[in-house]
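Residue numbers (our numbering), protein chains in the order written: chain A, 1 to 332; chain B, 333 to 664; chain C, 665 to 996; chain D, 997 to 1328.
In case anyone wonders, no lab produced these hints; they're calculated from the structure.
Each hint should be verified, as a subset may be incorrect.
Claimed, not checked - Derived pair list, reagent style DMTMM-like, types lysine to aspartate or glutamate, alpha-carbon separation capped at 25 Å: (1) D/1178 to C/932; (2) C/846 to D/1264; (3) C/846 to C/706; (4) A/182 to B/607; (5) D/1178 to D/1058; (6) A/182 to B/374; (7) B/514 to D/1050; (8) B/514 to B/658; (9) B/514 to D/1038.
There are 4 protein chains.
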Amino acid sequence: MHYNVNTIPVGVLGASGYAGREICALVARHPRFALSFATANEQRGQRLRAGGRDITFSAPDDVRLEDAEVVFSALPHGASLTWVERAASAGARVIDLSSDLRPGNGGAPSSGRTAVPYGMPELSAATRARICGAQIVANPGCYPTSILLALAPLQASGLIASGSTIVANAASGVSGAGNAPKRELLFAEVSDDYRAYGVGNSHRHLHEMRATLLSIGADTDLVFTPHLLPVSRGILSTITVTLSEPLTDPLALFRRAYAGEPFMEITEDQPSLRDVVHRNVVRITATMVDGTRQPTLLVTSAIDNLMKGAAGQAVQNANLMCGVDECAGLPA
Amino acid sequence: MHYNVNTIPVGVLGASGYAGREICALVARHPRFALSFATANEQRGQRLRAGGRDITFSAPDDVRLEDAEVVFSALPHGASLTWVERAASAGARVIDLSSDLRPGNGGAPSSGRTAVPYGMPELSAATRARICGAQIVANPGCYPTSILLALAPLQASGLIASGSTIVANAASGVSGAGNAPKRELLFAEVSDDYRAYGVGNSHRHLHEMRATLLSIGADTDLVFTPHLLPVSRGILSTITVTLSEPLTDPLALFRRAYAGEPFMEITEDQPSLRDVVHRNVVRITATMVDGTRQPTLLVTSAIDNLMKGAAGQAVQNANLMCGVDECAGLPA
Amino acid sequence: MHYNVNTIPVGVLGASGYAGREICALVARHPRFALSFATANEQRGQRLRAGGRDITFSAPDDVRLEDAEVVFSALPHGASLTWVERAASAGARVIDLSSDLRPGNGGAPSSGRTAVPYGMPELSAATRARICGAQIVANPGCYPTSILLALAPLQASGLIASGSTIVANAASGVSGAGNAPKRELLFAEVSDDYRAYGVGNSHRHLHEMRATLLSIGADTDLVFTPHLLPVSRGILSTITVTLSEPLTDPLALFRRAYAGEPFMEITEDQPSLRDVVHRNVVRITATMVDGTRQPTLLVTSAIDNLMKGAAGQAVQNANLMCGVDECAGLPA
Amino acid sequence: MHYNVNTIPVGVLGASGYAGREICALVARHPRFALSFATANEQRGQRLRAGGRDITFSAPDDVRLEDAEVVFSALPHGASLTWVERAASAGARVIDLSSDLRPGNGGAPSSGRTAVPYGMPELSAATRARICGAQIVANPGCYPTSILLALAPLQASGLIASGSTIVANAASGVSGAGNAPKRELLFAEVSDDYRAYGVGNSHRHLHEMRATLLSIGADTDLVFTPHLLPVSRGILSTITVTLSEPLTDPLALFRRAYAGEPFMEITEDQPSLRDVVHRNVVRITATMVDGTRQPTLLVTSAIDNLMKGAAGQAVQNANLMCGVDECAGLPA
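Generate the whole structure from the sequences, applying the supplied hints.
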């Protein structure tokens, strides 16, 4: 293959899932990236149309990792880490979309491994700086992206009541569960239905959020309840936070905190899935609740689980790691 | 018209909305009730097929209220009260599905009117007794039905932490918003979308719940956030409650509290809309949350907003008021 | 197990699919049938709630076929025939929901096997008579049920133009494709989509319809194009027929032909899926098309693919075979 | 307002409907067009976010038509014509999305008015030429776009059997019915349903198609049956055509006919709504039907009803009328 001197060759591991396909589509339209390979073990040899280009899936063992300067791993949790390390050894910058290296899942120092940066650029200036200099980045989970970015400005302002419990209810479209054929994800099972799952503490994203909240100094508990929506894409999180003091203008706080951020939208209206699908944004509003003894803030936050919740944020991280414009190739 | 000596003639006011139609269908299949009239001002003269019978809508002024021993009012909030009083004066037992006489909305003593019983038989033995002896009953809202019955056993056991905040997130199918043609309820607007509404304290159901919680002795705050689901029917409520002490077997508590109740289903699995649509039941599970400093219980509760959340509960109340088997004519 | 002298023990083979479950639910509510066993090889030991009863799936080899007087086979095409013959040898009356014995698929004399009756009672008086006396009945496919019953009265009246081509377009909900986990049936693949499939002549139902049309004397060609709808249940067929002469009142023809039939609904309005789901009916209207040189009739026909298109019609056939009221246990 | 010398000022009349909004969004992203005004009588003063820009709706009487060099009218049928003539008198090039000037609806010579060109560039080279030179163009209906472009190559090759009947079944998403609030378009009415409408000959698009077929020399009848799909966007047409002789490679015929056309996609797979939504394309496949006495071709054709079926085709026509690249501003 022949690349322009300015073109950065990119590989995608695990490209047949929803997130992997979305990365391929974003790379196809990216001004600087060009797809070098896309692997999909079970679908090797099959073709995919993504971003207006035809892609042929390779077997993982048939690609040369050193052909790529940037590697995205959308491999399953558990299977990803080995390939991430292999790609890094081959010299590539690597964005790992699995949970293998995320805080609370193995990315924390307690696992004996040096923590890789958590790829959520808007979390703090320090986070963005760490991403810019990293060889490996742990791309955040979809739920944590929608919830943590709704909490970060409150925590940074010292507004979350110490010792309080944050209640985060979230609802996700079905694509969040992947495209492996499972009976419970069939159309005839999901349509017209809605239910909670992973109740109590079983969802891996809970550990990721608790560890990240701890790392930014929050002294709170977190209750997280995900739900399955009968839509394809999108996550809405509804978050109840006890504040240490009332906020007269919560939107102003969020607007200040995210001033200049190209992918953060603070709105007066309630954000909805339609506002955000196919876009790499987090859309947030916040409202003080009337009639409670303790000051209580209701924050709602919408993302596209496959964009800002996965592939879009991964490309955003790759842009930062490569010194490319952070917005390059991303629909905002 | 001619009735069997055992047949109870029934009138439905405001029969063209979703709840009104559902009442007509339930009455059509009821072993003791027979439809005497169904009014719908704008659709007067139009016919409706409900419960296998043909019904012709009358104008409200063209019916004789004294022809009915039981009158259901599914008229809009505000418009219902006058007709409820007129039907009661004509001697009928009346079930008012509007909010006009509900606690926190005018049914409370503060309004100068003697409170009519709140038609939620499972709330307490005293509540059921009051319904049995009442001429007028205020049929509860759909959200309050799903939320209050998920909280009542905890409050009765003194388990809700004093001064704590209950966080109730709920998601409802679109039929909950009625069938008046509004742009924001069009298919092309609602499908693939999901959003919160009435955030803060603006939903009338919040006042109904706060007043009822107060009346059963709860010393708590309530944050309530409703959401609009892209499905036709069903409500799922996800409720986070701080307890005064941990519960080792929350399901046992709910099973004991609702033993013998034909319409309360306590399950180990997460309840889903599919489990409850077209049925007059509340389906509940409860799980202790791990990893929080204060004992925290997560209760989820599913109902069909048009059945146990409206028409079904109304017929259940009518059964009690008439001394008929509480389950008569109700799909459980 | 102990049965009332009037109770007919029933077995269901392949009970874990959508049609099998629906049969179990119908049997549970049937006034004369009682479930003796329900097999599901891969889900053996699992429990199913159907028709208000709990059912435990058995392995096929663990049941005694002679325990059932009626056996429904909802096994896959190809796998069903052996079990149908085994159950018949054990003395049971058998309704085969697979295509193995249907006309055009092996049930025709050309296969060397004596044809078993085609279980579509409304097709003709002779068909119903054959079903009543049969030990084995081939239950029709869902598309053929909706299409052939829309054509039978026209053929019986000699109205279909000789040598003409009938164009049948049909759209089915996803449950028609079964509940085996396949990627193309995932919610995130099916929702918001619509497409034709089996175009040309590849759908097995085409052979079933062509053979049946031939058997009732039709001298026509049939073009059949099925489509996949983003709904769970229901089939709508839209059929264009060239007539030998204009019909001034096509509804009258259909009403006469189906007079007394409990499951045939002839309407002036266009039938829709909502009219028929969860009911064992075929709902039909017919309209002459203006502005064509040859007299052309447009017939639309709606069924629930799992009821009149599968389980409901199977129970209807079993009722006839057992001398029970044809409507017993069937929602019309 | 200030425009670049190369920028063409554009006005949109009736901008609050689905098609009008889509035009505004396309104009916002168009390299040469810039929105000068967008009218919406009932929503005057309201703001709309379209194509990343904020638009404020004006009252029709408050805009100066001469401020626009190109005017799109998305006004209702009947109300459009007056405004089209007014805009043309003011010197603008006008694309009328209503049916007022379409063939068979008033655009035909029989109405006493000189027919304006029919804005379907791919119909024939002569059609495109007429559009390029026109001041007013009648933008085609959505169903006709999907059906006529599936038939044009067959007619041009003389392959449609003389005197035969073309059967066109089509299914459209709900946005095709507009966003005026009507009860039958509510989510709770449309979801899970599917039905035919306008059966017989009542749909205005039928006249448009018959007149156009006549104008391109077809000696055939057309039966057209539209259906309402429970999706927001997209039309799939399934068309059965009797040929004068068998075609061994129907795809080759379509590929030749549409060689070089940027918006025509000929595929081997069955086109589906997902393939085309948000894109200004017609996606077509064609298959010979086996087992019929007369050679029969099955053509399926998918479009986005709001793009190639309305706003996209309107912008395509405007591009041609202004001498701009035909593809400018259009997602293909």
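Taking the hints in turn, this is what the structure says about them:
no. : hint             : result
1   : D/1178 to C/932  : 22 Å, holds
2   : C/846 to D/1264  : 22 Å, holds
3   : C/846 to C/706   : 16 Å, holds
4   : A/182 to B/607   : 20 Å, holds
5   : D/1178 to D/1058 : 28 Å, violated
6   : A/182 to B/374   : 48 Å, violated
7   : B/514 to D/1050  : 24 Å, holds
8   : B/514 to B/658   : 36 Å, violated
9   : B/514 to D/1038  : 15 Å, holds
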